[in-house]
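Chain Z is already provided as a structure; the job is to place chain U with the ligands on it using the hints.
Residue numbers (UniProt numbering), protein chains in the order written: chain Z, 1 to 326; chain U, 1 to 354.
None of these hints come from the bench; they were simulated from the model.
Some clues are possibly wrong.
Think about it this way: if two alpha-carbon atoms lie no more than 20 Å apart in a straight line, the pair counts; the simulated SDA-like pairs of lysine to any residue are [said to hold, decoys possible]:
#, chain 1, residue 1, chain 2, residue 2
1, U, Lys311, U, Gln321
2, U, Lys140, U, Thr161
3, U, Lys342, U, Glu316
4, U, Lys136, Z, Ser237
5, Z, Lys135, U, Thr78
6, Z, Lys135, U, Ala138
7, U, Lys101, Z, Arg241
8, U, Lys101, Z, Phe239
9, U, Lys311, U, Glu256
10, U, Lys101, Z, Arg236
11, U, Lys101, U, Asp189
12, U, Lys140, Z, Ser237
13, U, Lys101, Z, Val225
14, Z, Lys135, U, Asp74
15, U, Lys48, U, Gln217
16, U, Lys136, Z, Lys142
17, U, Lys101, U, Ala138
18, Z, Lys135, U, Arg96
19, U, Lys101, Z, Ser234
20, U, Lys140, Z, Arg241
21, U, Lys136, U, Asp189
22, Z, Lys135, U, Pro75
23, U, Lys101, Z, Ser237
24, U, Lys101, U, Pro75
25, Z, Lys142, U, Ala76
26, U, Lys79, U, Glu32
27, Z, Lys135, U, His73
Here is what each chain is made of, one letter per residue.
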Amino acid sequence: MTSYLVRRVAGALVILMIISAITFYLFYAVPRDPARAFCGKICQPETLALIRHNLGMDEPLFVQYWHWLAGIFTGREFVQFGECPAPCLGYSFATQEPVFGAIVDRFPVTLSLTLGASVVILAFGIMTGMIAAWKVGQPLDKIASASSVVGASLQIYFVGPLLAFYLVDTLQLIPRPSYVPITENPLDWFTHLLLPWVVLSIIFTANYTRMTRSQMVEQLAEDYVRTARAKGMSSRSVFFRFAWRGAMIPIVTIFGVDLATLLGGAIITEQTFSLHGIGELAVRAVQNTDLPMLLGVTIVGAAAIVLLNILVDVLYAFIDPRVRLS
Amino acid sequence: MTTVSWSSEPGTSRGPGPFLSVRDLSVEFSTEDGIVHAVDNLSFDLEKGTTLGIVGESGSGKSVTNLAILGLHDPAHTKIGGEIWLEDQELISADRTTMEKLRGNRVAMIFQDPLTALSPFHTIGRQIGEVYRKHKGASKKEARDRAVEMLRRVGIPQPETRVDHYPHEFSGGMRQRAMIAMALVCDPDLLIADEPTTALDVTVQAQILDLLKELQQQFGTAIILITHDLGVVAGTADNVMVMYAGRAAERGTVREVLREPRHPYTWGLLSSMPRLNSSVDVPLMPVRGTPPSLLNPPSGCPFHPRCDYPKLAGPELCFNQRPSISPETGHGDACYLTLEQKRELRTAKTEDHA
Ligand SMILES: Nc1ncnc2c1ncn2[C@@H]1O[C@H](COP(=O)(O)OP(=O)(O)O)[C@@H](O)[C@H]1O
Ligand code: SF4
Ligand SMILES: [Mg+2]
Numbered sequence: 001m002t003s004y005l006v007r008r009v010a011g012a013l014v015i016l017m018i019i020s021a022i023t024f025y026l027f028y029a030v031p032r033d034p035a036r037a038f039c040g041k042i043c044q045p046e047t048l049a050l051i052r053h054n055l056g057m058d059e060p061l062f063v064q065y066w067h068w069l070a071g072i073f074t075g076r077e078f079v080q081f082g083e084c085p086a087p088c089l090g091y092s093f094a095t096q097e098p099v100f101g102a103i104v105d106r107f108p109v110t111l112s113l114t115l116g117a118s119v120v121i122l123a124f125g126i127m128t129g130m131i132a133a134w135k136v137g138q139p140l141d142k143i144a145s146a147s148s149v150v151g152a153s154l155q156i157y158f159v160g161p162l163l164a165f166y167l168v169d170t171l172q173l174i175p176r177p178s179y180v181p182i183t184e185n186p187l188d189w190f191t192h193l194l195l196p197w198v199v200l201s202i203i204f205t206a207n208y209t210r211m212t213r214s215q216m217v218e219q220l221a222e223d224y225v226r227t228a229r230a231k232g233m234s235s236r237s238v239f240f241r242f243a244w245r246g247a248m249i250p251i252v253t254i255f256g257v258d259l260a261t262l263l264g265g266a267i268i269t270e271q272t273f274s275l276h277g278i279g280e281l282a283v284r285a286v287q288n289t290d291l292p293m294l295l296g297v298t299i300v301g302a303a304a305i306v307l308l309n310i311l312v313d314v315l316y317a318f319i320d321p322r323v324r325l326s
Numbered sequence: 001m002t003t004v005s006w007s008s009e010p011g012t013s014r015g016p017g018p019f020l021s022v023r024d025l026s027v028e029f030s031t032e033d034g035i036v037h038a039v040d041n042l043s044f045d046l047e048k049g050t051t052l053g054i055v056g057e058s059g060s061g062k063s064v065t066n067l068a069i070l071g072l073h074d075p076a077h078t079k080i081g082g083e084i085w086l087e088d089q090e091l092i093s094a095d096r097t098t099m100e101k102l103r104g105n106r107v108a109m110i111f112q113d114p115l116t117a118l119s120p121f122h123t124i125g126r127q128i129g130e131v132y133r134k135h136k137g138a139s140k141k142e143a144r145d146r147a148v149e150m151l152r153r154v155g156i157p158q159p160e161t162r163v164d165h166y167p168h169e170f171s172g173g174m175r176q177r178a179m180i181a182m183a184l185v186c187d188p189d190l191l192i193a194d195e196p197t198t199a200l201d202v203t204v205q206a207q208i209l210d211l212l213k214e215l216q217q218q219f220g221t222a223i224i225l226i227t228h229d230l231g232v233v234a235g236t237a238d239n240v241m242v243m244y245a246g247r248a249a250e251r252g253t254v255r256e257v258l259r260e261p262r263h264p265y266t267w268g269l270l271s272s273m274p275r276l277n278s279s280v281d282v283p284l285m286p287v288r289g290t291p292p293s294l295l296n297p298p299s300g301c302p303f304h305p306r307c308d309y310p311k312l313a314g315p316e317l318c319f320n321q322r323p324s325i326s327p328e329t330g331h332g333d334a335c336y337l338t339l340e341q342k343r344e345l346r347t348a349k350t351e352d353h354a
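Pulled out of the complex, with its shape left as it was, chain Z reads as follows (with noise of 0.2 Å):
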């Protein structure tokens, strides 16, 4: 187990440097300088080059990614910005502040939304899926079958902004959405994001209801499951100790492989709900064509949900003992 860890880890951290690389080629490759941002309205072109050099630009492309990857672990010296401790992911264009600070800030945010929304999506989309499963073919199954069918055709843009009228604006049930840190009050961290939670989890949980649906069913199908029925265990338990381990194996796959939609709908969410998470910044950053920032949101995003599913597949040998973490 442990030296799975560790060789998941490492193996992480490669793939992480990968898409680093990646993404700095690709961004420090358009044709926008933006040393220009800086120059001012009356730019000579000597101001330029100074700021370029300022700013570390005047490397080649290789150097400057050499600097940034080495800034995150022994931290970098800036003529422009200054001392920039590790983990150093650069200074923003734009509002000159510290990259990774500013990350730091927003990550609770960007990280209670997504978290929140997961939990929903899993229990809701679970839930609603056994039991559509276990009264198959009866009212309750086909109420859950229609309303996941509808849930999955709706969009973040268009639910958030009706359900925020109605809840919040008409009938005043929840407050409007923002951020307050769990730390400061527990209460109002859950009730201010509630809403942002319900709309991000909504077009998900939809999925995961149809896909337990199809997985008891496929599951109560097996061989062993009869083998259960005839040891006389009733269809009680055979349905909630022995087939759910079955169908979740699918479902937890699945979910690894949504932690990345998640994480773009939670961007979308935040932006429906003015919510200060990474999502505005990155957002902020491609307007800005801040590339520091972009960078760094990407390389924190990628890290997400690369230790994510790290965590998805240890969850995985848990369910299933067929699975050697090895």
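Frame of chain Z, contents of chain U with the ligands only:
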């Protein structure tokens, strides 16, 4: 669900009879393509401590028959008729809790492929112990001890450690032994073994069959041994029933059916059986043609499309009228040929073969 008039009230006691008695059993599945007549008017008996071999090509209704005994068919899609008496208890009309108490306890079943038939998610010990806890109300500790004991009894080495292993950590033969341990954990009166050796290689097959015999001698369990291989039956069973298209084609003691087979289908099965003492280049003669569709079974004798003898027996009868098994007890078969004709044809066949 049952369509048969009762000889006595369901669930009430009746006079002393065979330990297990299946009367006029029919099982129909409603499917998208129509009604599958999987078992049609099947009757047979089984005495305590004996083994009945049920033989037939795949699709002849062997598994369906035995799943009906355990009540494991999905009632939403299945119509079951007839009666199944286990001593003085009728099983088709029995309620859900009665059947749940019976399964794994008085009647246990082992399946063809122990890899898929065991749960991949639970240890062998837990899967065995669970049955014991459910039916005997044993504690976790008692159930585990019992599982170890059962594993030892079926010949699994180091049962104390093996008990905590998962099925995928066992070999095929060991898995089937574990499956047998699980089936026998509550000392059932009736064990149904559905092709228990089909998925195993030959040497392991023999070991498993020996184990079953040995356990039967020790505990007096009645066994229904389902197989498509008459060779398996020859060494293991007391009585045989040959099934064709959901019906009994022939029944009798192993000696009767294997030495003096009467039904042309049984001849076919026997000649398709490789013999250890025959020279290698004697060609096997499988039954020609394919098993009939049970959506639309042939009229008359279900075997007639594949049979060489309707002319001899009387085509009118073979094609139109269903033969019933006769005589009613002892060695009987469902074919219109006369006993004389059967004897002559059989002698001619075996001479061909020699
Ligand atoms: N649940 C079911 N629904 C529809 N048809 C079935 C079902 N179970 C079995 N059958 C059909 O019943 C026939 C007998 O099957 P089975 O008893 O499994 O044969 P076997 O003798 O090989 O054990 C086959 O034609 C099979 O396709
Ligand atoms: S009854 Fe007729 S068709 Fe059927 S097995 Fe006998 S001879 Fe063949
Ligand atoms: Mg079968």
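Comparing the hints with the structure gives:
Taken as a hint, the Lys311/U and Gln321/U pair is honoured in the structure, with Cα atoms around 14 Å apart against an allowance of 20 Å. Under the criterion of a C-alpha separation no larger than 20 Å, the hint pairing Lys140/U with Thr161/U is consistent with the structure, at around 17 Å. The suggested pairing of Lys342/U with Glu316/U holds, with an alpha-carbon distance near 19 Å, which does not exceed 20 Å. Between Lys136/U and Ser237/Z the alpha-carbon distance is near 17 Å, which keeps this suggested pair within the 20 Å criterion.
Between Lys135/Z and Thr78/U the CA atoms are separated by roughly 18 Å; this keeps the pair inside 20 Å, and the hint holds. Restraint check for Lys135/Z and Ala138/U: not satisfied, since their Cα atoms lie roughly 32 Å apart, outside the 20 Å limit. Proposed proximity of Lys101/U and Arg241/Z is supported: the alpha carbons are some 18 Å apart, at most 20 Å. For the given pair, Lys101/U sits about 18 Å from Phe239/Z by alpha-carbon distance, which is consistent with the 20 Å threshold.
Pair hint Lys311/U plus Glu256/U does not hold up; C-alpha atoms about 26 Å apart against a cutoff of 20 Å. For the proposed pair Lys101/U and Arg236/Z, the alpha carbon gap of about 15 Å is at most 20 Å, so the pair holds. A threshold of 20 Å between alpha carbons decides the hint, and for Lys101/U with Asp189/U the separation of about 13 Å falls inside it, so the pair holds. About 17 Å separates the Cα atoms of Lys140/U and Ser237/Z, which keeps this hinted pair within 20 Å; it holds.
With a CA separation close to 17 Å, the supplied pair Lys101/U and Val225/Z stays within the 20 Å bound. A distance of roughly 14 Å separates the Cα atoms of Lys135/Z and Asp74/U; the hinted pair therefore holds under the 20 Å criterion. For the suggested pair Lys48/U and Gln217/U, the alpha carbons sit about 11 Å apart, so the restraint of at most 20 Å is met. Taking the CA atoms of Lys136/U and Lys142/Z, the gap is near 40 Å; set against the 20 Å cutoff, the hint is violated.
For the hint pairing Lys101/U with Ala138/U, the CA-to-CA distance comes to about 15 Å; that is within 20 Å, so the pair holds. Between the alpha carbons of Lys135/Z and Arg96/U the distance comes to roughly 18 Å, so the proposed pair stays at or under 20 Å and holds. This hinted pair checks out: Lys101/U and Ser234/Z have alpha carbons roughly 10 Å apart, not beyond 20 Å. Under the criterion of a C-alpha separation no larger than 20 Å, the hint pairing Lys140/U with Arg241/Z is consistent with the structure, at around 16 Å.
Using a Cα cut-off of 20 Å, the hinted pair Lys136/U and Asp189/U holds, with the two alpha carbons roughly 15 Å apart. With a C-alpha separation of about 15 Å, the suggested pairing of Lys135/Z with Pro75/U holds against the 20 Å cut-off. At most 20 Å may separate the alpha-carbon atoms for a hinted pair to count; Lys101/U and Ser237/Z meet this at roughly 14 Å. Among the hinted pairs, Lys101/U with Pro75/U is consistent with the structure: their alpha-carbon atoms are about 18 Å apart, no more than 20 Å.
Annotation: proposed proximity of Lys142/Z to Ala76/U holds, straight-line Cα distance about 18 Å (limit 20 Å). At most 20 Å may separate the alpha-carbon atoms for a hinted pair to count; Lys79/U and Glu32/U meet this at roughly 15 Å. Pair hint Lys135/Z plus His73/U holds up; C-alpha atoms about 18 Å apart against a cutoff of 20 Å.
Hints 6, 9 and 16 from the list above are not met by this structure, while the remaining hints are.
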